[in-house]
Every structure is written in C-alpha cells, then in structure tokens.
Amino acid sequence: IRTALAFGYSAVALSQDSVSPFNSKVVQSTKGALFHLPLIKEDLKSFFERGYHIYLTALEGVDERTISKLEAPFVLVFGNEGQGVKKENLKLGKSLRIEMSGIDSLNVGVAAGIFMYRFRKE
Numbered sequence: 001i002r003t004a005l006a007f008g009y010s011a012v013a014l015s016q017d018s019v020s021p022f023n024s025k026v027v028q029s030t031k032g033a034l035f036h037l038p039l040i041k042e043d044l045k046s047f048f049e050r051g052y053h054i055y056l057t058a059l060e061g062v063d064e065r066t067i068s069k070l071e072a073p074f075v076l077v078f079g080n081e082g083q084g085v086k087k088e089n090l091k092l093g094k095s096l097r098i099e100m101s102g103i104d105s106l107n108v109g110v111a112a113g114i115f116m117y118r119f120r121k122e
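Sequence positions in the sequence shown follow the numbering used here and run 1 to 122.
Calculated lysine to aspartate or glutamate pairs in the EDC-like style (CA-CA distance at most 20 Å, straight line): (1) K87 <-> E49; (2) K121 <-> E71; (3) K121 <-> E64; (4) K86 <-> D17.
Don't read these hints as lab results, they were simulated from the structure.
Between the sequences and the hints, there should be enough to build the whole structure, so can you do that?
And the structure:
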C-alpha cells in the first residue's frame, strides 16, 4: 500500500481473502499510507469485465524487461508467497516475471515494489 502510494498508483485492490487493511500490522507497516489511497475489495474478474488490462506475476510469465509500457487502464496482480496467483486468475490476463539468477522467486513485497516502480506513471 505504501509502495503504491509512493509510485503514484490510484488505488489498491484487495481480494476477498486478503487480510484486513486495518489489521494492526498492516496499519503499522503502511505508515499511514492506507488513509491516503482508496482500498477496493473487488473480484479480479470484475476488473476484467470492465475492460481493465490484467497483468499477473508468475514464475512462467514473460520477462518484464521485454515490455516497455502496460496498456491502461491496468491492474497489477501479486499472489501470496506460498501459492502465487490463483490458477483461475491466470487466464484473465498476461503473466509477467522478473528475470533472476540463482533464485526462482522473491518475497512478494520486494517483487511488488519492483513491478510498481517499473510500471509507474510517468
């Protein structure tokens, strides 16, 4: 949430099974950013049906360096660290990955920061 605010994103969408944004650990880690950015609890499919371009993170995705800009309006989707993005959601958009050496994945917060910085509004 804090990273999204820092890089100029207009909102953060949370899945129905996300932890509450008002959980004490979330409030503390966002340093108040959650009070300056709309938080939306909405199903990913509804964004797809409204014409949003969906970009999901996945180990088998396209190397993000090959993409210069994301089609707007867009939603960046980050899965949980254990399971990744839900399989049924992968068919809704384009899967992207971060090319790495010697390791296959990053902490979701780190990966989200890289993607949000990379595709921030210019």
